[in-house]
Amino acid sequence: MIKFFLMVNKQGQTRLSRYYEHVEIKKRTMLEAEVIKNCLSRSKDQCSFIEYKDFKLVYRQYAALFVVAGIDHTENEMAVYELIHNFVEVLDKYFSRVSELDIMFNLDRVHIILDEMVLNGCIVETNRNRILAPLLVLDRVAES
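If you count the sequence shown from 1, you need to add 425 to reach the working numbering.
For the record, the hints were derived by calculation from the structure and aren't laboratory data.
Hints should not be assumed to be uniformly reliable.
[What the hints assert, rightly or not] Ranges between beta-carbon positions, derived for each pair: (1) GLU446 x GLU507: 33 to 39 angstroms; (2) MET455 x ASP540: 22 to 28 angstroms; (3) LYS452 x MET426: 16 to 22 angstroms.
[What the hints assert, rightly or not] Here are the simulated lysine to aspartate or glutamate pairs, EDC-like style, with alpha carbons at most 16 angstroms apart: (4) LYS428 x ASP479; (5) LYS478 x GLU507; (6) LYS435 x GLU459; (7) LYS452 x ASP479; (8) LYS428 x GLU502; (9) LYS481 x GLU459.
Computed from a predicted model, the values in this text were never measured in an experiment.
From the three backbone atoms N, C-alpha and C, an ideal C-beta is built for every residue, glycine too.
Build the full structure now, drawing on both the sequences and the hints.
See below:
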(Lines of atoms letter the chains of each structure in order from A and count residues from 1; the text may use other names and numbers.)
(Lines give C-alpha, C1' and ligand atoms only; values in the text may rest on other atoms or scores of the structure.)
Protein backbone atom coordinates (compact mmCIF):
# COMPACT_ATOMS: atom_id res chain seq x y z
CA MET A 1 0.00 0.00 0.00
CA ILE A 2 1.17 3.50 -0.78
CA LYS A 3 1.37 5.63 2.37
CA PHE A 4 2.16 8.99 0.77
CA PHE A 5 3.09 10.62 -2.52
CA LEU A 6 5.31 13.72 -2.78
CA MET A 7 6.68 15.98 -5.52
CA VAL A 8 9.64 18.03 -4.37
CA ASN A 9 12.05 20.38 -6.15
CA LYS A 10 15.84 20.39 -5.72
CA GLN A 11 15.59 23.20 -3.18
CA GLY A 12 13.54 20.91 -0.94
CA GLN A 13 10.21 22.69 -1.47
CA THR A 14 7.21 20.37 -1.53
CA ARG A 15 5.07 21.00 -4.61
CA LEU A 16 2.55 18.18 -4.09
CA SER A 17 1.76 15.96 -1.15
CA ARG A 18 -0.93 13.34 -0.79
CA TYR A 19 -1.22 11.13 2.29
CA TYR A 20 -3.22 7.91 2.28
CA GLU A 21 -3.17 7.42 6.04
CA HIS A 22 -3.56 10.01 8.77
CA VAL A 23 -0.39 11.82 9.80
CA GLU A 24 -0.48 14.91 12.01
CA ILE A 25 0.59 18.18 10.37
CA LYS A 26 3.68 18.59 12.59
CA LYS A 27 4.77 15.03 11.82
CA ARG A 28 4.13 15.56 8.10
CA THR A 29 6.51 18.52 8.06
CA MET A 30 9.23 16.52 9.84
CA LEU A 31 8.62 13.46 7.67
CA GLU A 32 8.79 15.47 4.45
CA ALA A 33 12.01 17.19 5.54
CA GLU A 34 13.68 13.86 6.36
CA VAL A 35 12.45 12.18 3.18
CA ILE A 36 13.62 15.10 1.05
CA LYS A 37 17.01 15.10 2.75
CA ASN A 38 17.39 11.35 2.12
CA CYS A 39 16.49 11.61 -1.57
CA LEU A 40 18.45 14.79 -2.36
CA SER A 41 21.62 13.45 -0.75
CA ARG A 42 21.77 10.42 -3.05
CA SER A 43 23.66 10.37 -6.33
CA LYS A 44 22.12 9.35 -9.66
CA ASP A 45 24.13 6.10 -9.55
CA GLN A 46 22.46 4.92 -6.36
CA CYS A 47 19.33 2.78 -6.15
CA SER A 48 15.96 4.55 -6.18
CA PHE A 49 14.64 2.46 -3.27
CA ILE A 50 15.46 3.44 0.31
CA GLU A 51 14.60 1.59 3.52
CA TYR A 52 13.32 4.29 5.88
CA LYS A 53 11.85 3.72 9.34
CA ASP A 54 8.86 1.38 8.99
CA PHE A 55 8.42 1.85 5.22
CA LYS A 56 10.31 2.12 1.94
CA LEU A 57 10.84 5.18 -0.22
CA VAL A 58 10.64 4.87 -3.99
CA TYR A 59 11.69 7.93 -5.94
CA ARG A 60 12.51 9.17 -9.43
CA GLN A 61 14.11 12.41 -10.49
CA TYR A 62 12.80 14.38 -13.47
CA ALA A 63 14.93 17.47 -14.20
CA ALA A 64 14.57 19.59 -11.05
CA LEU A 65 11.70 17.57 -9.53
CA PHE A 66 11.76 14.47 -7.37
CA VAL A 67 8.67 12.29 -7.19
CA VAL A 68 8.69 10.22 -4.00
CA ALA A 69 6.31 7.52 -2.81
CA GLY A 70 6.36 6.03 0.67
CA ILE A 71 5.18 2.41 0.63
CA ASP A 72 4.80 -0.39 3.14
CA HIS A 73 6.87 -3.56 2.95
CA THR A 74 4.18 -5.54 1.11
CA GLU A 75 4.08 -3.23 -1.93
CA ASN A 76 6.12 -4.01 -5.04
CA GLU A 77 8.83 -1.36 -5.46
CA MET A 78 9.11 -1.77 -9.23
CA ALA A 79 5.35 -1.37 -9.68
CA VAL A 80 5.45 1.91 -7.74
CA TYR A 81 8.58 2.99 -9.65
CA GLU A 82 6.66 2.48 -12.91
CA LEU A 83 3.57 4.19 -11.43
CA ILE A 84 5.68 7.29 -10.79
CA HIS A 85 6.87 7.24 -14.39
CA ASN A 86 3.32 6.74 -15.67
CA PHE A 87 2.12 9.64 -13.48
CA VAL A 88 4.74 11.96 -15.00
CA GLU A 89 3.87 10.77 -18.52
CA VAL A 90 0.19 11.54 -17.87
CA LEU A 91 1.14 15.01 -16.61
CA ASP A 92 3.29 15.45 -19.72
CA LYS A 93 0.40 14.47 -21.96
CA TYR A 94 -2.07 16.80 -20.23
CA PHE A 95 0.21 19.83 -19.91
CA SER A 96 2.29 19.12 -23.07
CA ARG A 97 5.72 19.08 -21.42
CA VAL A 98 4.91 19.53 -17.75
CA SER A 99 7.01 21.92 -15.69
CA GLU A 100 7.21 22.82 -12.02
CA LEU A 101 5.12 25.93 -12.72
CA ASP A 102 2.37 23.81 -14.30
CA ILE A 103 2.20 21.81 -11.09
CA MET A 104 2.19 24.90 -8.87
CA PHE A 105 -0.52 26.77 -10.79
CA ASN A 106 -2.70 23.74 -11.60
CA LEU A 107 -2.43 21.82 -8.35
CA ASP A 108 -6.12 20.89 -8.44
CA ARG A 109 -5.64 19.24 -11.86
CA VAL A 110 -2.56 17.37 -10.66
CA HIS A 111 -4.51 16.08 -7.65
CA ILE A 112 -7.33 14.92 -9.92
CA ILE A 113 -4.83 12.99 -12.06
CA LEU A 114 -3.24 11.39 -8.99
CA ASP A 115 -6.67 10.56 -7.53
CA GLU A 116 -7.64 8.81 -10.76
CA MET A 117 -4.51 6.65 -10.49
CA VAL A 118 -4.35 5.91 -6.75
CA LEU A 119 -7.30 5.34 -4.43
CA ASN A 120 -6.76 4.85 -0.69
CA GLY A 121 -3.14 3.94 -1.32
CA CYS A 122 -3.87 1.31 -3.96
CA ILE A 123 -3.09 1.64 -7.65
CA VAL A 124 -6.43 1.54 -9.49
CA GLU A 125 -5.75 2.90 -12.99
CA THR A 126 -2.76 3.11 -15.32
CA ASN A 127 -4.40 3.72 -18.70
CA ARG A 128 -3.56 7.32 -19.69
CA ASN A 129 -6.74 7.92 -21.68
CA ARG A 130 -8.99 6.74 -18.84
CA ILE A 131 -7.04 8.81 -16.33
CA LEU A 132 -7.40 12.00 -18.39
CA ALA A 133 -11.04 11.47 -19.44
CA PRO A 134 -12.68 13.16 -16.38
CA LEU A 135 -10.24 16.06 -16.61
CA LEU A 136 -10.95 16.61 -20.30
CA VAL A 137 -14.70 16.65 -19.53
CA LEU A 138 -14.08 19.29 -16.84
CA ASP A 139 -12.07 21.34 -19.34
CA ARG A 140 -14.89 21.16 -21.91
CA VAL A 141 -17.49 22.20 -19.33
CA ALA A 142 -15.28 25.11 -18.22
CA GLU A 143 -14.90 26.32 -21.82
CA SER A 144 -18.64 26.38 -22.51
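A quick look at each hint next to the structure:
no.: 1; hint: GLU446 x GLU507: 33 to 39 angstroms; result: 22 angstroms, violated
no.: 2; hint: MET455 x ASP540: 22 to 28 angstroms; result: 25 angstroms, holds
no.: 3; hint: LYS452 x MET426: 16 to 22 angstroms; result: 18 angstroms, holds
no.: 4; hint: LYS428 x ASP479; result: 11 angstroms, holds
no.: 5; hint: LYS478 x GLU507; result: 23 angstroms, violated
no.: 6; hint: LYS435 x GLU459; result: 14 angstroms, holds
no.: 7; hint: LYS452 x ASP479; result: 15 angstroms, holds
no.: 8; hint: LYS428 x GLU502; result: 13 angstroms, holds
no.: 9; hint: LYS481 x GLU459; result: 13 angstroms, holds
This entry does not satisfy hints 1 and 5, going by the numbered hints stated previously.
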